[in-house]
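Protein sequences, first through last, are from chains A and B.
Residue 1 is where the first sequence starts when you use my numbering, and the numbers rise one by one after that.
Residue 1 is where the second sequence starts when you use my numbering, and the numbers rise one by one after that.
Hints may contain errors.
Taking lysine-lysine and the BS3-like style, the derived pairs with C-alpha atoms no more than 27 Å apart in a straight line are [what the hints assert, rightly or not]:
no.	chain 1	residue 1	chain 2	residue 2
1	A	Lys69	B	Lys129
2	A	Lys69	B	Lys141
3	A	Lys102	B	Lys129
4	A	Lys100	B	Lys129
5	A	Lys102	B	Lys141
6	B	Lys129	A	Lys101
7	A	Lys19	B	Lys129
8	A	Lys101	A	Lys69
9	A	Lys178	B	Lys129
10	A	Lys100	B	Lys141
11	A	Lys101	B	Lys141
Since the hints were derived computationally from the structure, they do not count as laboratory data.
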Amino acid sequence: MHLSVQNISFAYGTTTIMKNLSLEVTDGQFVSIIAPSGSGKSTLFYLIGGLLQPQSGQILLESQSIVGKRGQVSYMPQSPSLLPWRTVQQNVQIAYEIRKKKPALSEIHQLLERAGLAEVAHHYPHQLSGGMQQRVAFIRTLAEDKPILCLDEPFGALDALTRTKMQNWLQLILKEEKRTVLFITHSIEEAILLSDRIYVCHASPLQVSHVFHVSIPMNERQKKHQATGWRELTQKIEEALI
Amino acid sequence: MILFAIETWLLPSPYDILRETWEIRDRIFENLRSTFTISIFGLMSGLVLGVGIATVLYLIPFLQRIFYPFILISQNIPLIALAPLLVMWFGFGVGPKITIVMLICFFPIVVSTLDGFTQTDPTLQTYLKMAGASRWQRFIKLEWPSALPSFFSGLKLSATYSVMGAVISEWLGSQKGLGVLLTLSSKSFRTDRVFVAITFIVILSICFFIIISWIERFILHWKQNP
Ligand SMILES: Nc1ncnc2c1ncn2[C@@H]1O[C@H](COP(=O)(O)OP(=O)(O)OP(=O)(O)O)[C@@H](O)[C@H]1O
Ligand SMILES: [Mg+2]
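Modelling step: build the complete structure from the supplied sequences, incorporating the hints.
As structure tokens, then:
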């Protein structure tokens, strides 16, 4: 698996959003993007997802161009995106329906079980808390079974406590379901906790300014500020953001 | 104590109306059945036509731009003026009557359904597009369910119009129906019977409304439980 975004530029009308942006994600990696709000992070995902087309540049998945092609990557939107008339299970099922694949109920149950959602399989989204809803949305994204997961600030709208729980939950899930992830966040802590690599971008136009490798071992990251190297990395990222 | 002495032929008492209802129950049943048939078939065909037109106009924006203004204008033609024409073309059978009801009913359904489609949450739209859903999948799995609440508002409106439409169609020439009972009774100054006819027209309308509300609650059950 290899996703390669090469020198893409994009503008909404005359407003330039990004210019010559490049980034790489390789197999099994968890890559985060930190950028100021309103800088065009979601727009980048729309470009990768084929919803929009760059004015120049190339987007390659496994060396094949995916410019303007939809359904090549799994995507989880920034805002709640469950269909309110479908139960949790049916919401996950839509990932199969879109591919015209027979939804394997046992497979869905297994996913829900692992995500701690088995009890609410027949609940409607409005009966769930915000954190639960995002879990379901994430499981649905997993079920799409695409080579890469594009997660757009999945925990952005959650309160701090739920957010921490969700981060731990995501780590656990990803340990079992080995996936490649491109992750948008505006939280430095979240990025360090989850990532192998962090792209720090500046805005207008959106461009990568720094790349950081996170070498803190996974099992030490729970300690956050007490982990060796955490403070230094946080400081470096903060400086890069200014 | 009687405050105003009103003649029975002007305003009959509820008791008079009830007694008269019992008196002519067979005739009422026959007339009710006739009006019911026209309204229900008219409503059903209006429903099919309305949903069909809304779907086509929504999926083909080009057609919507062309035809939507015509549909709006067509609603300014008083149907009562069009009705004699239909009778002249198609005769006095049930067909033209159902057609009149259909023409009255389809419009609220087209407008409300089209309006409902535009209520679709753009986030969900973006999600489905990114996931690679086809145009038709988005229509069936997202846009239709999003339009349902609005569609039902239109359907309830149409349902009440359908009974009114049936009564008007019966005035244009019919042997049976609550509309006929209404005109005959009023011509012979049987105010009690006029009230009986009105009562049953209202009851029929309310029944339609209630049944559709039930169906709505059943289909939109995910909206109910808090
Ligand atoms: N369809 C559009 N047409 C014109 N401008 C747009 C459109 N969508 C977004 N924008 C603008 O482009 C810029 C980038 O938007 P985008 O949503 O990609 O930013 P973001 O980094 O994801 O923001 P946030 O931090 O709020 O999630 C914003 O200034 C926004 O106002
Ligand atoms: Mg965004």
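Evaluation of the provided hints:
1. Lys69/A to Lys129/B: Status holds; Cα separation ~10 Å.
2. Lys69/A to Lys141/B: 21 Å, holds
3. Lys102/A to Lys129/B: Distance of about 20 Å is within 27 Å: holds.
4. Lys100/A to Lys129/B: With Cα atoms ~15 Å apart, lysine 100/A and lysine 129/B stay inside 27 Å; holds.
5. Lys102/A to Lys141/B: 16 Å, holds
6. Lys129/B to Lys101/A: Roughly 17 Å between the alpha carbons, so the hint for lysine 129/B and lysine 101/A holds.
7. Lys19/A to Lys129/B: 25 Å, holds
8. Lys101/A to Lys69/A: 20 Å, holds
9. Lys178/A to Lys129/B: 25 Å, holds
10. Lys100/A to Lys141/B: With Cα atoms ~13 Å apart, lysine 100/A and lysine 141/B stay inside 27 Å; holds.
11. Lys101/A to Lys141/B: 15 Å, holds
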